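A.B. asks: One letter stands for each residue in the lines below.
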Amino acid sequence: AQTVTQSQPEMSVQEAETVTLSCTYDTSESDYYLFWYKQPPSRQMILVIRQEAYKQQNATENRFSVNFQKAAKSFSLKISDSQLGDAAMYFCAYRPANFGNEKLTFGTGTRLTIIP
Amino acid sequence: DSGVTQTPKHLITATGQRVTLRCSPRSGDLSVYWYQQSLDQGLQFLIQYYNGEERAKGNILERFSAQQFPDLHSELNLSSLELGDSALYFCASSVTPAQWETQYFGPGTRLLVL
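Residue numbers (this note's numbering), protein chains in the order written: chain A, 1 to 116; chain B, 117 to 230.
Read the hints as simulated data drawn from the structure, not as lab findings.
As the structure is a prediction and not an experimental result, all values here were calculated from the model.
We treat Cβ as the ideally placed atom computed from N, Cα and C, and that holds for glycine.
Any given hint might turn out to be false.
Claimed, not checked - Once the Cα atoms are required to be at most 25 Å apart in a straight line, the calculated DMTMM-like pairs of lysine to aspartate or glutamate come out as: (1) A:Lys70 <-> B:Glu217; (2) A:Lys73 <-> B:Glu217; (3) B:Lys125 <-> B:Asp145.
What the hints assert, rightly or not - Residues from chain B that keep clear of chain A, each with C-beta distances beyond 10 Å, as calculated: (4) Ser118; (5) Asp145; (6) Gln164; (7) Ser181; (8) Leu204.
Use the sequences and the hints to build the structure in full.
C.D. replies: Below is the structure:
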């Protein structure tokens, strides 16, 4: 079974600084998808960024980028120029590329605090 | 706003009762997923529907059931409720179940069982 591990329950960063959230996963599959979702105090789950395992290039979305290390099964999220609105729980999620198995498996989350 | 709607937003009920949670997917989305977020279990996949048919089951209790209707909205029925069923229940949708499709989440229904 696939598992997703987020070893940092809490992180904090000064506003305008850069922070990196860690995620590792365990799978025997060669093709899969990885996601970072953000859950602000409103509890809405918001997609931040996604990465296809077959792509070597790391995904970027504005101030958000990932460091995908397939061999190490590592998928970290870097947030640059942190803003107060980035304060939230961040969940790493895995989805296999198998037909018929499209569920997301989530990590336990990292609570990010932004210090003004 | 993801375009996925869920009603009600909040639900307070007593043990032993039955409730129905409703989800309307984004316009054009055929696949619906239900997830449960609780303090002790984290975010867990419950069940998935595609175009009215059940497609995959996760850690869904026998007391729970779901369906997707011809207009593609979905309902999650929770019966014989226990204190431990208190959680945030999310519905997500995607255009198809294809692996490359992103799942967009609704705002969730917060269930409190007293």
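A.B. asks: Among the hints numbered above, which are violated by the structure, and what are their numbers in rising order?
C.D. replies: 4, 6, 8
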